[in-house]
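Engineer: For the protein sequence lines, the chains are A and B, in the order given.
Sequential numbering from 0 applies to the first sequence in numbering that gives the first Met the number 0.
Sequential numbering from 0 applies to the second sequence in numbering that gives the first Met the number 0.
Careful: at least some of the hints might be erroneous.
As the list claims (entries may be wrong) - In silico lysine to aspartate or glutamate, EDC-like type, Cα no more than 20 Å apart, as pairs:
| id | chain 1 | residue 1 | chain 2 | residue 2 |
| --- | --- | --- | --- | --- |
| 1 | B | Lys130 | B | Glu148 |
| 2 | A | Lys99 | B | Asp455 |
| 3 | B | Lys67 | A | Glu101 |
| 4 | B | Lys418 | A | Glu182 |
| 5 | B | Lys67 | A | Asp137 |
Stated by the list, open to error - Here's a subset of chain B near chain A, in silico, CB distances under 10 Å, partners left out:
| id | residue |
| --- | --- |
| 6 | Met73 |
| 7 | Glu146 |
| 8 | Lys324 |
| 9 | Val424 |
| 10 | Thr452 |
Hints in this document: simulated from the structure, not taken from any laboratory.
In this text, a Cβ means the ideal position worked out from N, Cα and C, and glycines have one as well.
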Amino acid sequence: MPSMRTISRRSLLATAASLPILAATAQGASISGTMPWSPFAGDPPRPVNPMGWFYFTAGEAATVEAIVDRLIPADHLSPGGKDCGCAVYIDRQLAGTFGKAERLYTRPPFAVGLPTQGYQGDLTPAGRYRLGLAALGDYVRARFKKDFVQLSPAQQDEVLGGMDTGKIVLKLKPGFSTKEFFELVLQNTMEGFFADPLYGGNKNMASWKMIGFPGARYDYRDHIDKHNVPYPRGPVSIYSQEG
Amino acid sequence: MAKLLPKRDAVIIGLGWTGSILAQQLTEAGLNVVAIERGPWRDTATDFNIGYMQDELRYAVRKDLFLKPSTEAMTMRNNASQTAMPMRDYGSFLPGDGVGGAGVHWNGHTWRFWDSDFQIKSHLDHRYGAKKTAGLQLQDWGVTWNEIEHSFDQFEYLCGISGKAGNLGGKIQPGGNPFESPRSREYPNPPMRMSYAPTLFAETMRGQGYHPFPTPSANLSQAYVNPLGVRMGQCTYCGFCERFACGNYSKASAQTTILPVLMKKPTFEVRTECEVLKVNLTQDGKMARSVTYIDKHGVEYEQPGEMVLICAYALMNVRMMLLSKIGTAYDPVTGKGTVGRNYCYQTSSATRLFFEGKHFNPFIGAGTLGQTLDDFNGDAFDHGGLNFVGGAGINCVVTNGRPIGNRPTPPGTPRWGAKWKQATVDGYNSSMGFSAQGSSYPVRENYLDLDPTYTDRHGRPLLRVTFDFPENDLNMSHYLSDQMERMAKPFGARIAVTSRIKKGWDSVPYQSTHNTGGAVMGNDPRTSALNKYLQSWDVPNVFVVGASAFAHNAGMNPTGTVGALAFWAAEAITTKYIKNPGALVHA
């Protein structure tokens, strides 16, 4: 999560650290004779703003909301993926460093690889969603004369299941298969559902309450010896939401 | 034109575990040392905040503390008939980045390889005859157990390892690992407290006649002051260990054991966010003169040094040697050359048990909270009637219950929808597992070299990894899976599933960041890049320290042996080399 804060922090570090070693001629973050420390230098995560869409078009957002609601349907165990914020989560991820593939190796040449070599396409995750959602829309309109969001839950499950098992092949591009698109959406949906709520999903820590994960607690010394005994406290999140 | 800087006694490439140990030991001996580190400065107080370190998405999924492939990627293929492609994201293994290196986000399993590992070829030939290992490139490491035992001791006391000795000076100790090689004294700290799963594992395995013991842990069972005077805290079993930095000062790392002392020395300097491009040799190629590095502003510098210590991650050490033409690149066709030879990995499988009416609280965890048995590791068991050599440690370690990555369901469960959800709820608290971490033995066709096509941001070739699981290791792993299937029965679980490894190493799913070899130590310059002191045979003022020096990989995590090798090399430099610079071993 690089931010202005990270950049200023690194420069600050370099400046502060260069003080004790005036004799050195090298530039940059040279540190000697001290343990560098500067107040508020950490890089805390920023909670997402839940309003609006940062990457998806309105149509894409509606489709993704419908998808996450089938991958994680509402029932007695938890609210559905949409109400838990999974679509908002994916939108914010695609608008950020993940969506832009900032940390990945993206140098050419691009060629189709073997399954053991991983994704070899030239599309960023954001680009894969744009292409994948458009192709899904084309497929559904050609077959049902409707948009994905207008299908019944059973029809939506049938389409998603077909993408999962390889029975449905969307028109994508070489090096980016329908199965890969489905895996990306499934992985991101589960991330949104189970990640800390600050990223936009897992609203009210619904998934953590559902499975019994206490979240961001950091000390279990009082319970480690209590074998086969359920942990008594509910979850907490990074920004101190308590459930 | 690179800016020329004043000469130092030693230039260290990379300030992780080995770089920090070398810097500490060399400055103690009076040398003036500079470390050049590609990644950022990192420290507990500023970077490993207990208010937000427990963020699975950021650290475990988006890999915030790891090396970014955009900085340095590698290409991979399973065999020479394939075209290597870049790992555009790291998956199967995750190299570290920044000060502290992978030691920041490791789990903390701290093993000593055995005497039979250091002399593996002699040992196996003696016990089974040379035919048994034909087809494998096993070779002795040059160093022997009695020579290096005290270096293990130094590393364990630096870290405050929590464990129980199994063999004190040849006397087997109850509660410890009876298969370990003799140690000179007890661990510095007692074992960690055990949660339910490892306790049940140990009871059930003891009932079957095996010898479980607490996994030696760099997560501290109690507060500790190490020999450098650095104070560490007690582990809180928070379940955010591997892939995370510790906010409690309770996981041993360069930050928690060395840097508070090292950084205060005026004779030590680290330059962060500076990437070494190559080691420059003299014209005859027989000595290193300097390193060339580029800082974050893109300015190039030349840093001369009396010696150069290559202390990056194992794979990067090999790449640096190849880029700098230190030694001769290994050729798998002729078997000649040594740099890139004997690349090994890890060969693992796992068992998962789903119970009715048990409650494990998997989130109460630590990187090394668990129990191990070595009854099927290394050469602890007779391989006479078996079609392989090697083995695996069987570990029941509860590292975490972080739900994006860790929510087991029985086989056949859908991966989404209502049935998936119910199975996830049912499995989360009522399941436990154990796994076999198997050895990886060298074969001629597994190796490292420079990729002919793909380059990094500076235009240098990427490292190319050519690797697949050899038949010997597949046989070993299947044998271990058979054992685990059998061992699982007395648990009385509702469902027990054991995985089986397949030919065709897949670079995508995470497996292990235990990449070893490529610049191995040994007795013979025809088969090893380094002598027994980790000194280059070809360029004697270069030492290459890390798991790159392993002549094979055992069924254990490598860091304990990496730390020991760092102390071992440091001792050779400070007691032998600086008095009489030159080759420490004459071939």
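Engineer: Are the hints correct? Go through all of them and say.
Structural biologist: Results of checking the hints against the structure:
no. : hint                : verdict
1   : B:Lys130 x B:Glu148 : 30 Å, violated
2   : A:Lys99 x B:Asp455  : 19 Å, holds
3   : B:Lys67 x A:Glu101  : 9 Å, holds
4   : B:Lys418 x A:Glu182 : 18 Å, holds
5   : B:Lys67 x A:Asp137  : 36 Å, violated
6   : Met73               : 9 Å, holds
7   : Glu146              : 34 Å, violated
8   : Lys324              : 24 Å, violated
9   : Val424              : 6 Å, holds
10  : Thr452              : 7 Å, holds
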